[in-house]
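J.: As they're listed, the protein sequences go chains U and P. Here our numbering is used: position 260 in the first sequence is 260, and no number is missing along the way. Position in the second sequence (from 1) plus 305 gives the number in our numbering.
Quick caveat, the hints were computed from the structure, so don't treat them as lab data. Fair warning: there could be bad hints in the mix.
Said to hold, decoys possible - Quick partial rundown of chain U residues pointing at chain P, CB under 7 angstroms, derived from the structure:
#, residue
1, A32
2, R68
3, R69
4, E98
5, I205
6, P267
7, E268
8, R275
9, S279
10, S283
11, V285
12, T286
13, L287
14, K291
15, G299
16, I303
Said to hold, decoys possible - Here are some chain U residues the structure puts well away from chain P; computed CB gaps all over 12 angstroms:
#, residue
17, T26
18, L54
19, Y73
20, G99
21, P128
22, S155
23, I186
24, V225
25, A297
We put the CB at the ideal spot given by N, CA and C, even for glycine.
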Amino acid sequence: MAMEFEARGAQDARAAQAGTLPPVGTFGLGSADYPVLLSLIKDAPELLYYRGDLSVLSLPTVAVVGSRRATEYGKWVAYNLGKRCAEHGVVVVSGMAEGIDSYAHQGALAGGGRTVAVFGTGIDICFPMNNGGLLRQILHDGLVLSEYPPGYPASKYTFPQRNRIISGLSYATVVVEAAISSGSLITAERAAEQGREVYAVPGNINRKTSIGCNKLIADGARPLVFLDDVIADLGIRLHASGKKAVRLTGLERAVHDLVLENGEIRPEEAALLTRASESEIRSAVTLLEMKGLVHYAAGRILITR
Amino acid sequence: MSIIKTIALCGLITEPVFVETDIAQGLPALNLVGLPGTTVRESKERVRSAILNADAQFPLRRITVNLSPAGARKEGSHFDLPIAVGILTAAGLAGDGSVSDSAFLGELSLDGTVNRIGMAVAFVLGLKESGVRQIYLPAENVEEVKPISDMTYFPVRNLRELIAHLKGEELIAPVHSDGHAFEPLPCGDTEEYGDYADVRGQEAAKRAFLICAAGCHGLSLCGPPGTGKSMLAGRLPTILPGLTEEESIEVTKLHSIAGVTEEGEAGKLTRKRPFRAPHHNITSVALIGGGSAANPGELTLAHRGILFLDELPEFDARTLDMLRQPLENGYVDLSRADKKYRHPCRFILVTAMNPCPCGYYGDPMHCCTCSDSRRRRYLGRISGPLLDRIDLHFYLTAVAEQELYGDAKSLSSAEMLAEVLRAREVQRVRYEGTDISVNGELSSDCVEEFCPLSGEAEQLLMDAHRRFGLSARQGHRIRKVARTIADLADVPGEIQTAHVAEALGYRRRDLLTGTGVF
């Protein structure tokens with residue numbers, strides 16, 4: 001086994017030399033690079049493999065985790081939370097799984113910030129495979145960590161194990177969407193054991209993907225009422241979210257207000273409530289989309305900001 | 306020696322055929338040459354028995370029958386009658402051969418009865434084009450070809466009667482075509498298809514269908530099960546204008562060749578717009594057309610009508626990809642060893658699909674059980690270039706609050722049809738003298754000419770290109786749709802901002818991430 005890993009590592013080193021990937025490095029518990037927050041947890045990993053920029057770890061960190069099966073709402077929260085954190089210099093830590101994790105990383109990158117992905121596999125394995133594009137961006141603007149040697153395959157226990165590192169690296173952990181048996185609940189549990197703040201994004205009580213979050217709140221997690229709560233609680237002063245005043249027509253304003261009020265709305269409902277025709281509503285939605293105020297997905301008008 | 310006229314089918318094109326019969330001295334034999342197919346080769350046996358059973362003599366000499374032009378392959382049982390008449394005339398047993406200006410079609414039974422043939426309409430239209438005005442054909446086929454104008458038919462029941470007629474002993478009463486019997490179907494047949502008024506709470510979707518019908522734009526529907534995708538698509542015929550006579554003849558001919566004339570429609574020119582909804586396990590040959598004889602596929606059968614593909618991702622990906630060229634061009638090209646065939650296929654494409662394998666992604670009442678990777682695989686079965694060729698994209702959602710829509714107005718088919726007809730009239734005036742009839746047919750180089758934008762609208766479209774990352778082709782599609790929206794609003798000149806903005810609302814979006822999102 002070990003030989004095989006070494007062989008893989010050698011291949012990897014060649015790729016690194018060719019300039020395609022940053023080299024894999026390691027640091028141990030007790031070394032100067034080892035993040036203090038992580039060293040405080042009781043089962044802190046002895047050795048960590050990394051790729052990317054280690055200086056990221058000296059910045060304030062927040063973990064954003066959640067279900068792989070995310071809804072449009074969950075994706076919106078993850079993305080925008082990532083983005084707001086990035087805008088305030090907060091590093092987003094997550095697991096680069098599909099769904100919420102990926103959107104949190106993407107939001108952080110889009111906000112011009114740094115992000116850390118902690119793998120449940122060897123550091124040279126891109127899991128899930130189709131996240132290669134995201135991985136390259138993270139390597140460029142952030143850091144990838146793993147306690148497993150290069151080539152180490154994914155297995156049932158590595159991911160829950162990895163979750164303690166995600167929460168251990170972070171001042172706070174936000175669970176965006178989680179079903180009742182989600183792995184994100186393990187991360188929340190670890191965070192609570194480690195004495196870190198746990199936030200859960202409240203959701204529709206009829207929706208399976210939110211039950212885990214709502215239950216966390218019942219068990220004492222802080223509900224995330226505003227996106228910026230996390231940042232404010234870290235003691236960082238909030239600055240306005242680049243909202244520019246935009247000029248809206250009467251109907252555009254009416255539609256925007258309706259969406260603000262309801263979170264999301266069908267165009268037919270908007271037409272009934274504003275007494276406008278379907279064609280007027282569709283034009284108004286397009287113009288609002290162009291102004292970056294709403295977006296239209298899965299047949300609903302949703303708020304962008 | 307005698308020469309008898311008949312006709313053969315070659316793909317969707319009919320070609321006149323001359324049956325030449327020569328009787329020479331020699332051992333009794335009947336040789337059939339001129340590339341006959343299996344059915345035609347077997348006609349030798351039917352013809353011999355039929356002639357004998359019609360109490361006529363079968364010449365016991367060396368008979369050679371040539372089907373000219375000899376190089377084209379001939380299929381079909383309708384060659385029986387012309388071959389029999391050819392032999393009888395050559396032997397001097399059926400008059401003096403004064404039938405050279407008539408054509409013969411018909412299949413023989415062994416007892417001499419003349420049986421009904423398929424594709425009669427196509428054959429008669431083909432013969433009419435080649436200048437024939439008198440046709441002898443099975444009595445049972447007369448009704449269906451009667452609407453074709455300027456023709457005289459001799460309905461033949463059996464060979465005995467025909468021989469008597471040709472000898473001048475007992476004449477068959479000719480039937481004249483009843484000329485302009487074509488009545489366009491009163492459009493909007495809500496009895497058969499149902500009324501759009503029955504679909505409540507989906508007014509935005511109806512608007513999309515209205516635009517689709519007004520400009521013949523393709524429409525792609527996506528939405529959870531039970532939101533009325535099939536119900537809406539099934540009612541599209543009620544808001545389309547009826548077939549014109551010219552279109553009707555075209556469609557009848559195609560359907561006659563494919564043998565799919567509908568129950569109750571036989572004996573008439575088709576007046577209903579085709580509505581084809583093939584099942585998703587259809588093969589590419591059945592969809593596009595194919596086989597050694599280049600048989601028409603569903604695309605061609607949907608010509609001048611609607612092709613509805615339900616459960617789009619369940620179709621074979623390669624089969625779907627074959628739709629690309631026909632959608633762009635309005636015809637299908639099939640190459641066979643001997644020939645190239647071009648089948649027409651101008652139809653309105655309507656597709657329906659679920660947003661994910663479980664069907665409930667984005668549904669507020671049900672929980673979707675699909676991961677992103679599963680959805681990616683599912684949606685990935687449909688190629689982007691195919692979706693790019695569909696003008697309108699619409700996402701349906703479930704009507705959550707029934708009571709909200711309880712007394713809201715529900716647009717009916719009749720109201721929608723009136724709007725469609727008005728927009729069609731605007732288009733008719735615009736495209737007078739061109740070979741375009743509706744906005745959906747505009748090719749990208751005509752867009753500039755026929756879809757002028759106001760200054761503000763142009764700016765909006767340019768901004769949208771940047772903001773939404775539209776391709777040039779998508780931009781053209783949006784302009785065409787905006788043209789139809791303007792026509793519906795009775796604005797025949799420059800397209801305004803509101804029209805472009807609405808058209809942008811029907812642009813193709815990334816169904817996986819809901820792009821435009823961030």
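J.: Would you settle whether the hint for S279 (chain U) is holds or violated, based on the nearest Cβ-Cβ distance to chain P being less than 7 angstroms?
T.: Because about 5 angstroms separates S279 (chain U) from the closest Cβ in chain P, which is inside the 7 angstroms limit, the hint holds.
J.: Confirm or reject: V225 (chain U) is not an interface residue toward chain P, with every Cβ-Cβ distance exceeding 12 angstroms.
T.: 22 angstroms, holds
J.: With a cut-off of 7 angstroms on the beta carbons, see whether R275 (chain U) makes it to chain P.
T.: It is violated, given that the least Cβ distance between R275 (chain U) and chain P is near 11 angstroms, above 7 angstroms.
J.: A closest beta-carbon separation below 7 angstroms is what the hint needs, so does R68 (chain U) meet it against chain P?
T.: 5 angstroms, holds
J.: Holds or violated: is the Cβ of I186 (chain U) farther than 12 angstroms from all Cβ atoms of chain P?
T.: Given that every Cβ of chain P is farther than 12 angstroms from that of I186 (chain U), nearest at about 18 angstroms, it holds.
J.: Non-interface claim for S155 (chain U): all C-beta distances to chain P beyond 12 angstroms?
T.: Non-interface label stands for S155 (chain U): nearest chain P Cβ at 18 angstroms, farther than 12 angstroms.
J.: Identify whether the interface hint at E98 (chain U) stands, where standing means a beta carbon of chain P within less than 7 angstroms of its own.
T.: 5 angstroms, holds
J.: For L54 (chain U), which was marked as not at the interface, is the minimum beta-carbon distance to chain P over 12 angstroms?
T.: 29 angstroms, holds
J.: Holds or violated: is the Cβ of A32 (chain U) closer than 7 angstroms to a Cβ in chain P?
T.: 38 angstroms, violated
J.: Checking hints one by one. Is G299 (chain U) an interface residue toward chain P, by the C-beta closer than 7 angstroms rule?
T.: Check passed: Cβ of G299 (chain U) comes within 4 angstroms of chain P, closer than 7 angstroms.
J.: At a threshold of 7 angstroms, is the proposed contact between S283 (chain U) and chain P supported by beta-carbon distances?
T.: 4 angstroms, holds
J.: Given L287 (chain U) as an interface hint, is the shortest Cβ-Cβ distance to chain P below 7 angstroms?
T.: OK, holds: L287 (chain U) within 7 angstroms of chain P, min 5 angstroms.
Comparing the model with each numbered hint stated earlier shows that hints 1, 5, 8, 14, 16, 19, 20, 21, 25 do not hold.
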